[in-house]
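Peer 1: Position chain B against the provided structure of chain A, taking the given hints into account.
Each chain, written out:
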Amino acid sequence: MSLEINVLFFELALTCYALATIAGLVELFKRKKSTSRIALYLSVLGFILHTGSIVTRYIQGGHIPVSNMHEATSFFSWCVLILFFFHEFKYKLGLLSSFIMPIVFVLMFSSAIFPREIKVLSPALQSYWFGIHVILAFLGDAAFAMACGIGIMYLLQEWYVKSKKVSPLFLKLPSLQTLDEINYHLITLGFPLLTLAMITGVIWANSAWGTYWRWDPKEVWSLITWLIYALVLHLRLTVGWRGKKAAILSIVGFAVVIFAFFGVTLILKGRHTFM
Amino acid sequence: MNILVVGLNHKTAPIEVREKVAFDGPKLEEAINTLMKSGEVKENIVLSTCNRVEIYAGVSNMDAGIESIKDFISRFHDVPRNLLDKSLYIHRGSDAVKHMYRVAASLDSMVVGEPQILGQLKDAYDSALKNKSTGVFLNKLMRKSVSVAKRIRTETKIAESAVSISFAAVELAKKIFDNLSTKAVMLIGAGEMAELAARHLMNNGVKEVYVTNRTQCRAEELAREFNGNVVLFHNFVHELHYNDIVICSTGAPDYILMKDQARKVMKDRKQKPIFIIDISVPRNIDPEINNLDNVYLYTVDDLKGIVDTNIGERAKEAEKAEKIVNEEIGSFLKWHESLSATPVIVALRNKAEGIRKAELEKTLKGLGPVEEKTIRSIEQLTTSIVNKIIHPPTAALKSDDEDREQMLDVVQRLFKLNIESDENDKT
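Going down the list, the sequences are from chains A and B. For what it's worth, my numbering labels the leading residue of the first sequence as 49, then goes sequentially. For what it's worth, my numbering labels the leading residue of the second sequence as 2, then goes sequentially.
The following block holds chain A by itself, in its conformation from the complex (with noise of 0.2 Å):
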């Protein structure tokens, strides 16, 4: 029963995001302001539901349901919502719906088509390591989620005001500044909770397996991602790497901790494959 509760849930919530997407993306292209709020009130529902659908789906299988693909990608972008509400909330950006919206929408569709069935946690997994690794990992890639979706906005913007072109979009977009403000400080954010994601998986990974380090494909990849968000910091720190190629490099990041996510897991199989 409560199965069918948690599945309920999730493909209502995954309803919810798209019709947020949708609302998003008219916004974009329409001149008045009514279908902002529209995406805002349908994505809090959507939350609200996809809580519900983890909360369901933790009571049942007894552990932080993010075990399989289905439900690591669920949570994902549950982190991403978090930290969608925060700045929608603290900033008021006109638009953020509709940058961020979508990539909330792809990650649960992604969600729905992995397989759904909750299993038994392999040993290794249960430990309370598993937790506080995930999560940090993944309110990591979530910052590092907002950031690309800023940093198209930054792009966009930009296009405009060099371009010299006014419309109503670009009225209705923040300024240059703001939004690479807001980069850098997802990307301050993102980047310590990527760092403690590895240390403590690295910890847990020697009370599980023996080992620190075993260059599992996952381990590489989420390296790379780690320098590329380093290099970042440190080329905006050292010589003034902001604004356009900033925001470039955060979508470029963006794509690499997909590709450590999805295409790692699903191509180059190590210890962190779920299946």
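Do not take every clue at face value.
Unchecked claim - Facing chain B, from chain A, some residues (calculated, C-beta under 10 Å): (1) 208; (2) 216; (3) 229; (4) 264.
What the hints assert, rightly or not - Here are some chain B residues the structure puts well away from chain A; computed CB gaps all over 10 Å: (5) 22; (6) 61; (7) 115.
These aren't lab readings, by the way, just hints derived from the structure by calculation. Since this is a predicted model, take the numbers as computed values, not measurements. We put the CB at the ideal spot given by N, CA and C, even for glycine.
Peer 2: Same frame as chain A, now just chain B:
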């Protein structure tokens, strides 16, 4: 009572005429009071700005009212009637209502959507209130106009984008920087447009101003004017390190800032964005600079392009606003109709009778079984009380007294009478 407006504006009269008939300073109160004494005009609001002079009036006889107002303007300002007649427009009844809505919403302005006019109209109303020259009609019309103007401002984008070059510069600055109060602006050279742009930027929060000029004393003069700092002209490129917005307007025949110099400046600034406005003709800043990262260069033509687009946008929004105006006229006219006596008297009667019946029923229920005779005498008693109370107001409403329409309005409000039009009339 009839509403009308007599006036002239930038479309019907040249500045020479508008100047002559303006009611500025103490003339305004004098005009309001003189009009009230004329006898024909029962209520009036006098609006006098640099683009328009208008008298809104409530009169009992339309033609006599118009005549007396025209006469008044001509005598007050000592302007011959034939000159006035050429420039004056007259709107009566619903047209006058529409006109006030359009003026309040800035649809009749020289720059459509400019926000000052609503404030000016409110000031005119305040002066009228102070001199007690308004009554039920103009009060209502004024309230309604303000709400229509606000509705238009929220439902359309008529006042949203900049329609002058200096405002366009501010608009852009706000799309590049998040907080202008932490930014510094440098004025290179001087000129009306450059100074105006700098002023607008300061009004929008910019605090620090640096000024440079080939002629040192001119720079000092400007610095005093803007409460800013003087920068030596040969040193200005170096100073760009500290300035986020640059307004350039010198008479130099060629470029005074080259791409390589700008690249060096950006390196020193650690790529902090810089917004350069080149108002000079011929241009003073190498246009190639716009290709550098985090440098945003706008020439006067670029700004003009933005202004033209914005003006086009406003014209589209104005069409929507006109539709709103037409919708809203109806509700004022309905209210006006409700001031005819019959519906008010009927409503008053119904209200009193309704109360009587309800109370009677309650009392009879409480009394328990009572004789038929007693019931009848209680009914008689209540009916005659009600009739005695509402007789004088009914008689007054039916009379031909001058303030009858005011009373109609007051009665409706005192007794909370529900007459159709009041429902869709929220101010």
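Peer 1: Evaluate each hint against the coordinates.
Peer 2: Now for the hints, and whether the structure bears them out:
| no. | hint | verdict |
| --- | --- | --- |
| 1 | 208 | holds (8 Å) |
| 2 | 216 | holds (8 Å) |
| 3 | 229 | holds (7 Å) |
| 4 | 264 | violated (38 Å) |
| 5 | 22 | holds (39 Å) |
| 6 | 61 | holds (45 Å) |
| 7 | 115 | holds (18 Å) |
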